Amino acid sequence: MSTTTSVQTAKTVRKDNRLVDALNLVLADSYALMALTHLAHWNVEGTGFFALHKAFEEQYENLFEAVDEIAERVRALDAYAIGGLAKLAKTSGLEEFSSPMPQKDYVAGLIVAHEKMVDDATRTRDLAGEANDLETQDLMIGRLQWHEKTLWMLKSYLKH
Amino acid sequence: MARENSLDAQELFEALTMIAVQQSICADACSVGTCHPKCSLEVVDELLSTPGAVKGEEVDLLLDFRSLLRARQDAEATLRVFCDLRRRLEQHHYLAFYRLRRWLENQIVAEARSLESGEIALVPLRLNFYCVEAVRRQCLCAALQQIVRLSMPRLRFSFVLPLQARPLHPARLLPVGREP
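Heads up: the protein sequence lines correspond to chains A and B, in order. Residue numbering for the first sequence follows my numbering, starting at 1 and increasing by one per position. Residue numbering for the second sequence follows my numbering, starting at 161 and increasing by one per position.
These are calculated hints, taken from the structure and not from any lab test. Hints may contain errors.
[To be verified] Here are the simulated SDA-like cross-link-like pairs (lysine to any residue), alpha carbons at most 20 Å apart as the crow flies:
no., chain 1, residue 1, chain 2, residue 2
1, A, K159, B, S318
2, B, K198, A, K104
3, A, K104, B, E265
4, A, K159, B, K198
5, B, K198, B, S318
6, A, K104, B, E276
Computed from a prediction, not measured in an experiment: that's the story for all the values here.
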């Protein structure tokens with residue numbers, strides 16, 4: 001591909017508001033999920049406490065790094081990242097936990113939230129593919145791999 | 161309870177076929193804003209279509225429950241069958257029952273009415289218990305926080321309007337003690 005074409009492609013990507021909006025939604029989802037996971041980390045109780053407390057810690061740490069990467073990708077596309085707790089919560093639409101709640105409810109609630117993330121990240125990956133934005137596509141593939149792995153782990157915990 | 165002829169076999173078959181290719185059920189997070197009316201049917205159909213997931217009397221109960229969910233007419237009976245199923249199956253199908261609980265909490269509301277003053281309070285459902293009477297008691301306690309003079313209260317459960325027909329600002333349906 002020639003340099004001129006590359007520049008044109010990058011400009012096309014930057015003008016694609018759908019992709020930026022989708023990325024900002026994934027950003028909001030990730031931030032909201034990080035907050036939910038942190039809450040679960042603090043308030044989980046019961047026989048599986050140590051395993052869940054530790055697992056939730058690893059998960060919110062991963063999400064903390066992810067939000068930075070996603071927000072910086074939005075900036076790289078010459079757009080602005082959304083922010084502010086109220087704005088992020090409203091954008092993501094993830095329901096807050098009514099803590100305290102049973103140990104298994106934290107796990108089930110996080111599963112539902114991760115499923116939404118997978119849905120939104122998949123849509124963003126596909127939009128990035130359509131726009132030939134391989135960097136965003138790669139970022140979303142990485143996020144999807146992690147969310148799907150986390151879903152497997154959380155679902156395994158709930159298996160009787 | 162459900163009669164055989166009240167079940168649409170063709171629709172059940174189509175739903176089960178659809179579920180076979182679905183990656184995840186209810187991918188949108190469960191909240192009043194995103195709750196979709198057929199989510200509970202999808203969860204029930206997945207339970208019915210998973211080999212060995214349920215058997216015997218539980219299958220009949222699940223079919224009764226499915227019929228009640230489709231009709232959306234008798235919220236109290238729906239909750240009663242749900243509680244029965246929850247006691248029997250939740251231990252082995254926790255995630256499915258979590259989804260059903262969240263769906264019912266989004267789709268059913270308790271209406272407390274004072275026989276004396278006629279005042280009405282709409283109370284959100286919280287399915288923290290395994291029997292309808294305990295849920296009813298909890299709803300009445302929540303209603304008492306809304307209406308100070310709730311003498312001779314009567315409480316009934318009902319399905320909320322489908323998403324398309326809901327008012328824009330259902331402020332009265334907001335959970336007691338929770339932020340909008």
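So which of those numbered hints doesn't the model satisfy?
Of the numbered hints given earlier, those the structure breaks are 1, 2, 4 and 6, listed in rising order.
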